[in-house]
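Using the sequences provided together with the hints, build the complete structure.
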Amino acid sequence: MSRQQVITLINYIAQAGEAQDVQTLLFGLAQRVPQHGETLMTFAEHMKQIGLAEGIQEGKRAAMLEIARAMLQRGFNSSTVTEITGLSKDELQQLPH
59 MSRQQVITLI
69 NYIAQAGEAQ
79 DVQTLLFGLA
89 QRVPQHGETL
99 MTFAEHMKQI
109 GLAEGIQEGK
119 RAAMLEIARA
129 MLQRGFNSST
139 VTEITGLSKD
149 ELQQLPH
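Residue numbers for the sequence shown follow the working numbering, so the first one is 59 and each next one is one higher.
Don't read these hints as lab results, they were simulated from the structure.
It should be emphasised that the depicted structure is a prediction, and the values quoted were computed from it without experimental measurement.
Glycine included, every Cβ here is placed at the ideal spot set by N, Cα and C.
Mixed in with the good hints there might be a few duds.
Stated by the list, open to error - So the derived label-pair ranges between C-beta atoms look like this:
1) ARG132 to GLN152: 17 to 23 Å
2) ASN69 to GLU124: 33 to 39 Å
3) GLN62 to GLN115: 24 to 30 Å
4) LYS106 to GLU149: 25 to 31 Å
Stated by the list, open to error - Here are the computed lysine to any residue pairs in the SDA-like style, where the Cα-Cα straight-line distance is at most 20 Å:
5) LYS118 to ASP148
6) LYS118 to ILE71
7) LYS106 to GLU116
Okay, here's the thing in C-alpha coordinates:
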(Lines of atoms letter the chains of each structure in order from A; the text may use other names.)
(Lines give C-alpha, C1' and ligand atoms only; values in the text may rest on other atoms or scores of the structure.)
Protein backbone atom coordinates (compact mmCIF):
# COMPACT_ATOMS: atom_id res chain seq x y z
CA MET A 59 0.00 0.00 0.00
CA SER A 60 1.12 3.53 -0.62
CA ARG A 61 1.48 6.11 2.17
CA GLN A 62 -1.67 7.89 1.00
CA GLN A 63 -3.65 4.64 0.98
CA VAL A 64 -2.55 3.92 4.55
CA ILE A 65 -3.61 7.41 5.66
CA THR A 66 -6.95 7.07 3.88
CA LEU A 67 -7.58 3.67 5.45
CA ILE A 68 -6.72 4.85 8.97
CA ASN A 69 -8.81 7.98 8.53
CA TYR A 70 -11.76 5.80 7.50
CA ILE A 71 -11.27 3.48 10.46
CA ALA A 72 -11.04 6.43 12.86
CA GLN A 73 -14.19 8.12 11.55
CA ALA A 74 -16.45 5.25 10.51
CA GLY A 75 -15.19 2.44 12.69
CA GLU A 76 -16.02 1.69 16.25
CA ALA A 77 -12.49 1.98 17.61
CA GLN A 78 -12.70 3.70 20.99
CA ASP A 79 -8.99 4.46 21.16
CA VAL A 80 -7.61 5.24 17.73
CA GLN A 81 -4.14 5.99 19.06
CA THR A 82 -3.79 2.52 20.56
CA LEU A 83 -4.92 1.06 17.23
CA LEU A 84 -2.31 3.13 15.38
CA PHE A 85 0.49 2.14 17.75
CA GLY A 86 -0.45 -1.53 17.38
CA LEU A 87 -0.52 -1.25 13.58
CA ALA A 88 2.85 0.54 13.57
CA GLN A 89 4.39 -2.44 15.37
CA ARG A 90 2.81 -4.98 13.04
CA VAL A 91 3.45 -3.12 9.79
CA PRO A 92 6.90 -1.55 10.33
CA GLN A 93 7.21 -0.35 6.73
CA HIS A 94 4.38 2.12 7.48
CA GLY A 95 5.32 2.74 11.11
CA GLU A 96 6.48 6.30 10.59
CA THR A 97 3.32 7.23 8.69
CA LEU A 98 1.12 5.67 11.36
CA MET A 99 2.97 7.39 14.21
CA THR A 100 2.73 10.75 12.42
CA PHE A 101 -1.00 10.20 11.97
CA ALA A 102 -1.31 9.26 15.67
CA GLU A 103 0.35 12.52 16.68
CA HIS A 104 -1.94 14.44 14.32
CA MET A 105 -5.00 12.76 15.87
CA LYS A 106 -3.72 13.64 19.34
CA GLN A 107 -3.34 17.31 18.39
CA ILE A 108 -6.82 17.40 16.85
CA GLY A 109 -8.25 15.85 20.00
CA LEU A 110 -6.53 18.45 22.15
CA ALA A 111 -7.77 21.29 19.94
CA GLU A 112 -11.32 19.93 20.05
CA GLY A 113 -11.15 19.67 23.83
CA ILE A 114 -10.03 23.27 24.10
CA GLN A 115 -12.85 24.40 21.81
CA GLU A 116 -15.42 22.46 23.84
CA GLY A 117 -14.09 24.03 27.03
CA LYS A 118 -14.33 27.52 25.56
CA ARG A 119 -17.88 26.90 24.39
CA ALA A 120 -18.91 25.58 27.81
CA ALA A 121 -17.43 28.68 29.43
CA MET A 122 -19.30 30.96 27.01
CA LEU A 123 -22.55 29.15 27.77
CA GLU A 124 -22.03 29.69 31.50
CA ILE A 125 -21.17 33.36 30.98
CA ALA A 126 -24.24 33.81 28.78
CA ARG A 127 -26.47 32.15 31.36
CA ALA A 128 -25.13 34.41 34.11
CA MET A 129 -25.55 37.51 31.94
CA LEU A 130 -29.15 36.63 31.11
CA GLN A 131 -29.89 36.01 34.80
CA ARG A 132 -28.54 39.47 35.59
CA GLY A 133 -30.84 41.10 33.06
CA PHE A 134 -28.62 41.62 30.03
CA ASN A 135 -30.62 41.60 26.80
CA SER A 136 -30.05 38.71 24.41
CA SER A 137 -28.50 40.82 21.65
CA THR A 138 -25.81 42.07 24.05
CA VAL A 139 -25.14 38.52 25.27
CA THR A 140 -24.92 37.28 21.67
CA GLU A 141 -22.50 40.06 20.75
CA ILE A 142 -20.22 39.48 23.75
CA THR A 143 -20.19 35.67 23.80
CA GLY A 144 -20.46 34.91 20.09
CA LEU A 145 -23.29 32.46 20.75
CA SER A 146 -26.31 32.39 18.46
CA LYS A 147 -29.82 33.38 19.53
CA ASP A 148 -30.84 29.72 19.22
CA GLU A 149 -28.08 28.72 21.63
CA LEU A 150 -29.24 31.38 24.09
CA GLN A 151 -32.83 30.16 23.91
CA GLN A 152 -31.71 26.64 24.85
CA LEU A 153 -30.03 27.82 28.06
CA PRO A 154 -31.89 27.09 31.30
CA HIS A 155 -32.88 30.39 32.93
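Hint-by-hint comparison with the structure:
{"no.": "1", "hint": "ARG132 to GLN152: 17 to 23 Å", "verdict": "19 Å, holds"}
{"no.": "2", "hint": "ASN69 to GLU124: 33 to 39 Å", "verdict": "34 Å, holds"}
{"no.": "3", "hint": "GLN62 to GLN115: 24 to 30 Å", "verdict": "28 Å, holds"}
{"no.": "4", "hint": "LYS106 to GLU149: 25 to 31 Å", "verdict": "29 Å, holds"}
{"no.": "5", "hint": "LYS118 to ASP148", "verdict": "18 Å, holds"}
{"no.": "6", "hint": "LYS118 to ILE71", "verdict": "29 Å, violated"}
{"no.": "7", "hint": "LYS106 to GLU116", "verdict": "15 Å, holds"}
Violation of the numbered hints given earlier is confined to hint 6; every other hint is satisfied by the structure.
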